[in-house]
Amino acid sequence: MKPTGLLFFPAFDWAISPSHPEREERLLYTRDQIFEEGIMDLPQIREYQPQLASPRDIARVHFCVPSIERIATEAHLVSAGGAIVIGDAFMKGEIKNGFAIIRPPGHHAMTVAHGNRGFCNINNEAIMIEYLRRKYGLRRITIVDTDVHHGDGTQEIYYHDPDVLFISFHQDGRTLYPGSGFVEELGWPPAWGTTINIPLAPYTTDEGILYTIDKLILPLLEEFKPELVVNSAGQDNHYSDPLANMLFTAGGYAELNRRLAPHIAVLEGGYSVESALPYINLALIMAMAGIDSSNLREPDFDRSAFREAPGNMERLKKIAVLQLENFRRREEEQAAQMKKHGDFFSAQRRIYYDTDNISENQEIRQRLCKRCGSYRVIDSAAMHAGGERYRVLCFSISLYSCENCREEARTAYRDSIERALGNYDYIYLQDRAADEYFCFDCSSDDELEVGGQRPEIGGD
Amino acid sequence: MLLGIDVGGTSTDGVLIHNGTMEKSVKKQHSGGGLTESILEVLDELLKERDAAGVRRLVISTTLVTNLLATRSGARTALILIPGRGLPFSFYKITPDTYFLQGNIDFRGKITEKTSEAEINTVIENIKENGIRHIAVAAKFSHRNRSLEQEVAGAIRERYPEAKVTLGSETADRLNFPRRAATAYYSAMTAPQWNEFASRVEEAIQRRGLTAPVEILKADGGTMPLAVSRQRPLETAYSGPAASTMGAVAISPGKENAVMIDIGGTTSDIALLIEGEPLHASRGACIDGRFTHIHALALRSLALGGDSAIKAWEGRVEIAAERLGPAACFGGPAATVTDAFNCHGSLGIGDAELSKSAVAELASTLNMAPRELAAAVVEQVTARLHALIEGMFREWENEPAYKVWEIVNRRSFKLERLIGIGGAAAMIVPLLAERMGVPFTVHRLAPVANALGAAVARPTLAVHLYADTQQKRFVIDQEGIEGPIPNHATFQLAGAEELALEHLARLAEKKGAGSYAKEARVELAEQFNMIRGWSRVGKIFQVRVQIAPGLINEFKGVGV
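Listed in order, the protein sequences are those of chains A and B. This note's numbering applies: residue 26 is where the first sequence begins, and numbers increase by one. This note's numbering applies: residue 31 is where the second sequence begins, and numbers increase by one.
Keep in mind that the hints were calculated from the coordinates and are not lab data. Treat each hint with caution, since some may be false.
With a straight-line cut-off of 30 Å between C-alpha atoms, the simulated DSSO-like cross-links for lysine-lysine are [what the hints assert, rightly or not]:
1) B:K123 x A:K27
2) B:K586 x B:K569
3) A:K160 x A:K250
4) A:K160 x A:K240
5) B:K433 x A:K117
6) A:K160 x B:K158
7) A:K117 x A:K27
8) A:K250 x A:K364
9) B:K433 x A:K27
10) B:K433 x B:K444
11) A:K160 x A:K121
12) B:K433 x A:K121
13) A:K121 x B:K123
Cβ pair distances, simulated, as ranges [to be verified]:
14) A:K250 x B:G39: 56 to 62 Å
15) A:Q373 x B:N517: 57 to 63 Å
16) A:M338 x B:Q522: 48 to 54 Å
17) A:E72 x B:E305: 41 to 47 Å
18) B:Q522 x A:L347: 34 to 40 Å
19) B:Q522 x A:V208: 48 to 54 Å
20) B:N151 x A:V208: 55 to 61 Å
21) B:I304 x A:Q373: 44 to 50 Å
Heads up, incomplete: computed chain B residues facing chain A, CB under 7 Å, no partners named [what the hints assert, rightly or not]:
22) G116
23) L205
24) W564
The beta-carbon is built from N, C-alpha and C at its ideal position, and this holds for glycine as well.
Work the whole structure out from these sequences, hints included.
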């Protein structure tokens with residue numbers, strides 16, 4: 026039996042600020058617990074060490090404003106690089122599954138990144154997934170976001186991509202940051218129905234969440250048939266988490282992962298650093314490695330304290346029925362919407378960066394093509410914390426674009442540079458099909474290619 | 031006079047150092063006699079026509095515990111575990127005589143579940159009924175709170191006073207409960223025979239009029255007094271390679287990044303020196319497939335030596351793992367690695383004509399010229415050693431790191447020298463060094479470098495401190511030292527380091543290492559702010575200070 030890969034990167038020398046939930050102490054007790062258990066010595070476990078993600082790995086997902094260097098610090102590169110290492114180990118067949126216990130987290134980071142929102146700068150899962158798609162030709166992927174906060178960054182990154190089924194359960198957006206993740210958010214026309222949100226009422230217990238896994242998430246996986254299942258593994262549904270109001274337990278997390286059986290889990294949030302994280306992380310490891318976790322529970326655990334409200338179960342049943350129905354009629358609905366919108370679908374939105382206090386306005390145009398994933402154009406303007414204003418234009422070509430759409434996007438990129446319409450500071454081109462990434466600096470008229478191929482991982 | 035004696039696989043070696051330089055060496059092939067006898071035989075040979083009263087220090091490196099572990103002939107030992115919550119208990123069942131107790135300590139040393147007196151008593155009665163007289167007790171996180179282990183020890187003293195008890199918290203200083211349990215278990219198991227050996231050595235030394243301190247070499251390349259070894263017998267395991275490595279340190283021309291390569295009859299041991307200091311295994315010594323908390327050198331072994339037989343296998347030359355006898359040039363039955371090197375480099379070892387004919391005979395079965403075959407063997411030997419050494423560099427470079435700084439600034443091993451010791455080093459190491467493009471040293475003392483290493487190794491001692499200012503207490507891994515933190519509100523990392531160094535100096539004085547206490551250095555210094563809500567409620571510190579392996583001050587070098 027192949028081992029479970031474990032990459033533990035607690036970033037003991039990194040914090041957003043000294044008393045911030047994302048501080049050095051966050052994984053200290055987790056370190057103590059998993060090392061005291063001797064987890065790394067077990068034959069069921071193989072430990073991996075992170076490498077730095079390259080600028081190209083990041084440019085494949087993000088438009089960092091003004092530059093990758095300004096948005097992704099060394100800590101972010103190591104964290105994203107950690108997810109990549111585990112992804113690589115899985116794809117090479119060295120491990121049966123893998124868990125990257127990494128920080129800083131990433132699931133609130135969106136395609137355009139002006140700064141930190143929800144403690145995240147760059148999206149670790151998306152960076153890993155796009156790396157794996159590029160290197161191994163993977164296409165169909167499911168991300169199950171089990172963090173208590175809606176994974177709005179990951180959702181946004183894949184909102185147009187019908188090959189990525191993004192499922193998120195989280196505490197209802199009316200009661201918690203980031204205030205999104207409602208059932209109506211189902212994806213843009215070409216990908217309608219491949220974003221599935223499950224807003225949970227506060228105080229939902231193991232029973233409610235496991236019901237959702239069994240009756241909604243597992244059937245979705247069964248029908249979607251992904252080549253890779255990624256758990257965006259937040260740990261803040263725990264009853265002791267200081268930033269949320271759910272009643273999930275470490276045992277519940279173990280069971281969730283046993284049933285979900287993700288190929289890769291990547292740590293996201295979870296801020297009950299002493300009362301929950303050591304136990305949840307251990308629970309996850311044990312579940313993924315196939316180790317019985319019945320001897321694991323929190324010291325203050327009291328089974329009788331957590332009963333699911335009958336009304337809530339009714340509500341969860343309704344959501345499961347509704348979302349399964351939405352998912353099953355997705356192709357029909359996609360076709361209808363594509364027809365309705367013609368060549369382009371466009372939308373506008375405002376994005377708030379809570380950590381860095383940045384307000385961003387975006388206008389997005391998605392090219393609709395019957396044959397391919399085509400391309401997106403994002404026009405984004407934001408004032409950064411230092412008072413600098415940036416307006417940028419971003420062209421993102423799908424990995425699965427047809428030759429026509431690709432050429433059309435590249436031409437549009439060139440045209441916008443030449444005409445310099447709209448007084449942009451930077452114009453970016455993300456050509457995933459060619460794996461080429463450019464940044465045009467409008468003030469100096471310089472075009473830079475994002476380089477830095479990361480050396481091959483491992484070596485056989 | 032300083033004496034060093036190392037019991038090896040085939041011989042016991044001894045050296046005598048006088049006025050800073052080596053004056054005499056002895057090599058005795060093992061005969062039928064016991065281990066203690068061969069040590070005393072070498073000791074007597076070293077002291078022949080000399081005054082025993084002039085000996086200022088005697089260091090012994092012995093395979094006693096290594097052998098007990100290899101042959102599983104230690105005393106029957108019961109293992110009482112308090113694992114608390116986490117992995118299933120079945121993961122910790124090292125021996126059929128494992129007993130489990132309830133109770134739980136968390137990562138901050140807080141007791142979250144008590145032990146049951148009735149349960150403890152039942153377990154003790156069971157052990158007693160089974161006639162087991164040696165007991166190891168280990169609890170999860172007991173290095174942060176010893177009280178549960180001590181409760182059990184107290185109950186054993188009361189209800190089964192004849193039993194000998196070893197506690198996990200006395201034998202291990204860091205995180206990793208399974209390693210702590212294994213360390214306590216193997217310590218308890220090997221203690222009776224070790225103590226018997228220690229008593230016999232003490233008595234024999236006295237009889238010879240030696241008044242000098244007797245030290246025992248440990249797996250980490252340092253020494254400890256014979257009396258201390260009675261509490262920590264397991265640390266004497268695997269001291270053989272440590273002796274060789276310290277020998278390499280002694281004959282090394284400077285504080286370099288070097289590879290120590292000890293090539294004997296059938297095995298090669300390889301260790302790394304980093305700026306002249308031996309590198310330790312990050313996982314601790316492995317016994318019977320289980321990791322322990324014994325500090326041991328990072329060592330790689332290869333079943334390849336001067337006596338390894340050369341064979342034809344499917345039309346190719348192969349070096350066999352086994353020994354059929356000595357090399358052909360020494361009258362052995364078949365061609366060996368030594369014979370191939372002998373022909374390849376015209377080294378004139380033994381009867382070179384015998385080497386030639388053995389190699390030629392094998393070559394003819396392969397339709398090769400003898401010259402070709404010898405070259406192929408040289409290539410294989412150096413290539414295998416080279417690959418193993420490179421693998422060790424990569425492993426060191428990729429040691430687990432948990433800080434951004436460490437990942438961004440990954441280190442790389444810059445090799446400066448090969449140091450060859452052991453009987454077959456002189457013929458192999460020069461060619462290996464040429465292949466790797468580095469200078470080498472094969473000293474004239476290489477054949478007894480192991481005993482030399484034992485003679486000149488200095489004592490080592492490490493102290494691990496864990497301090498939690500919210501709980502206002504600190505705990506040190508040795509001798510049950512713990513207490514309140516002085517000025518906990520203003521206690522800082524510098525204070526924690528100072529506190530650890532203070533305790534190290536005190537312990538070093540007690541353990542005969544006082545003169546090296548000022549050379550102790552901080553190996554690990556961690557601090558974490560504990561934030562609850564948005565304010566700081568305390569700090570957690572972890573500090574490890576140690577007197578690292580090195581050479582005694584009296585040693586002035588061996589010359590060239």
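C-beta pair I304 (chain B), Q373 (chain A): status relative to the range 44 to 50 Å that was hinted: Given about 60 Å between the Cβ atoms, the range is violated.
Is the straight-line distance between the alpha-carbon of K433 (chain B) and that of K117 (chain A) 30 Å or less? Measuring from Cα to Cα gives roughly 26 Å; hence the hint holds.
Against chain A, run the beta carbon of G116 (chain B) and see if the smallest gap drops under 7 Å. Holds, about 5 Å.
Tell me if the straight-line CA distance from K160 (chain A) to K158 (chain B) falls inside 30 Å. Measuring from Cα to Cα gives roughly 63 Å; hence the hint is violated.
Taking 48 to 54 Å as the stated bounds, is the beta-carbon spacing between Q522 (chain B) and V208 (chain A) within them? 53 Å, holds
Just to be careful, I want the Cα atoms of K123 (chain B) and K27 (chain A) compared with a cutoff of 30 Å; is the pair within it? Answer holds: K123 (chain B) to K27 (chain A) is near 23 Å, not above 30 Å.
Mind checking the alpha carbons of K250 (chain A) and K364 (chain A) for me, to see if they're no more than 30 Å apart? With a Cα-Cα distance of about 27 Å, the restraint between K250 (chain A) and K364 (chain A) holds, given a limit of 30 Å.
Hint check for Q522 (chain B) and M338 (chain A) - Cβ pair distance inside 48 to 54 Å: Holds, at about 53 Å.
Are the Cα atoms of K160 (chain A) and K240 (chain A) separated by 30 Å or less? Distance ~34 Å between K160 (chain A) and K240 (chain A) Cα, so the pair is violated.
Does the alpha-carbon distance linking K160 (chain A) and K250 (chain A) stay inside the 30 Å limit? 20 Å, holds
Within a Cα-Cα threshold of 30 Å, do K433 (chain B) and K444 (chain B) meet the stated pairing? It holds: about 23 Å lies between the C-alpha atoms, which stays within 30 Å.
Hey, K117 (chain A) versus K27 (chain A), does the alpha-carbon distance stay inside 30 Å? 12 Å, holds
In this structure, the earlier hints numbered 2, 4, 6, 17, 18, 21 are contradicted, and the remaining ones agree with it.
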